[in-house]
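Q: Given next are the chains, with one letter for each unit.
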Amino acid sequence: MKVTILQFPGTNCEYDAQHAFKDLGAETEILWHKSESVPSNTDLLVVAGGFSYGDYLRSGAIAKFSPVMKAVKEYAKNGGKVLGICNGFQVLTEAGLLPGALKRNENLHFLSKHHHLKVINNDNIFLKELNKDDVVNIPIAHHDGNFYIDANGLKELYANNQVLLTYTDKNGETQNPNGSVDSIAGVCNKEKNVFGLMPHPERAMEQLLGSDDGVKMLRGFFSA
Amino acid sequence: MKVIVNVFLKAGVLDSQGKAVHHALNSLHFNGVSDVRVGKQIVLNLDEEDEGKAREEVARMCEDLLANTVIEDYEIELIK
Chain S
0 MKVTILQFPG TNCEYDAQHA FKDLGAETEI LWHKSESVPS NTDLLVVAGG
50 FSYGDYLRSG AIAKFSPVMK AVKEYAKNGG KVLGICNGFQ VLTEAGLLPG
100 ALKRNENLHF LSKHHHLKVI NNDNIFLKEL NKDDVVNIPI AHHDGNFYID
150 ANGLKELYAN NQVLLTYTDK NGETQNPNGS VDSIAGVCNK EKNVFGLMPH
200 PERAMEQLLG SDDGVKMLRG FFSA
Chain G
0 MKVIVNVFLK AGVLDSQGKA VHHALNSLHF NGVSDVRVGK QIVLNLDEED
50 EGKAREEVAR MCEDLLANTV IEDYEIELIK
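Which chain is which? The protein sequence lines are S and G, in order.
If you count the first sequence from 1, position 116 lands on 115 in numbering that gives the first Met the number 0, and the numbers rise without skipping.
If you count the second sequence from 1, position 53 lands on 52 in numbering that gives the first Met the number 0, and the numbers rise without skipping.
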């Protein structure tokens, strides 16, 4: 299992992601954004969190033009698996690889805390080790996590089982921290090979640090 | 040619910053304000002198980078 992790200027979660995937037994490589190709033995490409290009203009708006993104699009088009976490999710929506957009949090605050999430669809490689309606405890840390999609787009997401996770309380009751449409925390593309979420599963890998619920999520990619 | 691009959230997309500013203005007793939108202004200096071409080029810039048309609208103003 080879995991390639993208690094833009301002990315700051690439080493957390590397640590998490190494712990699960993967070979990892951090790929600088100037690269014009994705290593051919890549089984999973991670677009890690942080503040690519200082969030200038909009979160993810400038990163989408980095040299590596052309290769990422090609990789995804050929069925390669891509996971965008936090800023990575923003980059993937900006690049058009995932539907919707991420707006400023409704209460305008930067949110940094553990939050519960409910599994909405698990018929995909990312969440297949979890059950529908399972509640996991995963940290969030974002300013622009307010997922927006218009009514037609939303209908399509549900019709294709593309809604992955929603924000809830510990009992699975909706609790929306940032104003996201339908409390949505993560989605995938129609083909179910590109995934994006605002919460950080790579920061929930050991009980000692508050939760190891991220293990089941990231492990899904290993049994492809 | 100088070009001003204004980018705002689309009508119907909640503008939390506009709402917060509106609320703050009301608490400062500016009670005659019925709506506030907060957006971005981007000022460009172009070599292009032809208005039509300039407008077309800036529209492409907006579609590609300056605005995210999933959530934002843009206005282009040419200044001679």
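Wrong hints could be hidden among the right ones.
Coverage of chain G stretches by chain S, computed from C-beta distances (three or more under 8 angstroms per stretch; other residues unrestricted) [to be verified]:
no., stretch
1, 7–19
2, 44–58
Across the chosen pairs, the derived CB separations fall in these ranges [unchecked claim]:
no., chain 1, residue 1, chain 2, residue 2, range
3, S, Asn175, G, Gln16, 15 to 23 angstroms
4, G, Leu27, S, Glu28, 30 to 38 angstroms
5, G, Val42, S, Asn106, 29 to 37 angstroms
6, G, Val32, S, His108, 22 to 30 angstroms
7, S, Asp22, G, Val32, 52 to 60 angstroms
8, G, Ser33, S, Lys33, 48 to 56 angstroms
9, S, Lys154, G, Ala10, 18 to 26 angstroms
10, G, Val32, S, Leu207, 45 to 53 angstroms
11, S, Glu35, G, Phe29, 47 to 55 angstroms
Worth flagging that the hints you see were computed from the coordinates, not collected in a lab.
Being a predicted model, the structure only gives us computed values, none of them experimental.
Every residue, glycine too, gets a C-beta built ideally from N, C-alpha and C.
Q: Indicate, hint by hint, whether the structure satisfies it.
A: Okay, the hints, checked on the actual structure:
Taking a C-beta to C-beta cut-off of 8 angstroms, the stretch 7–19 of chain G contributes 6 residues in contact with chain S, enough for the three needed, and the coverage statement holds. Three residues within the 8 angstroms Cβ limit are the bar, and the stretch 44–58 of chain G against chain S gives 0, so the coverage statement is violated. Separated by about 18 angstroms at the C-beta atoms, S/Asn175 and G/Gln16 satisfy the suggested range of 15 to 23 angstroms. Evaluation of the 30 to 38 angstroms hint for G/Leu27 and S/Glu28 yields a failure: the beta carbon distance comes to about 54 angstroms.
In this structure, G/Val42 and S/Asn106 meet the distance hint of 29 to 37 angstroms, their C-beta atoms being roughly 31 angstroms apart. Between G/Val32 and S/His108 the CB atoms are about 24 angstroms apart, so this pair conforms to the stated range of 22 to 30 angstroms. The hinted range of 52 to 60 angstroms is satisfied by S/Asp22 and G/Val32, whose Cβ atoms lie roughly 54 angstroms apart. Hint check: G/Ser33 to S/Lys33, Cβ distance near 49 angstroms, so the stated range 48 to 56 angstroms holds.
Checked against the hint of 18 to 26 angstroms, the C-beta distance between S/Lys154 and G/Ala10 comes to roughly 21 angstroms, which is consistent with it. Against the hinted window of 45 to 53 angstroms, the Cβ-Cβ separation of G/Val32 and S/Leu207 comes to about 51 angstroms, which satisfies the hint. For the pair S/Glu35 and G/Phe29, the supplied restraint of 47 to 55 angstroms holds, since their beta-carbon distance comes to about 53 angstroms.
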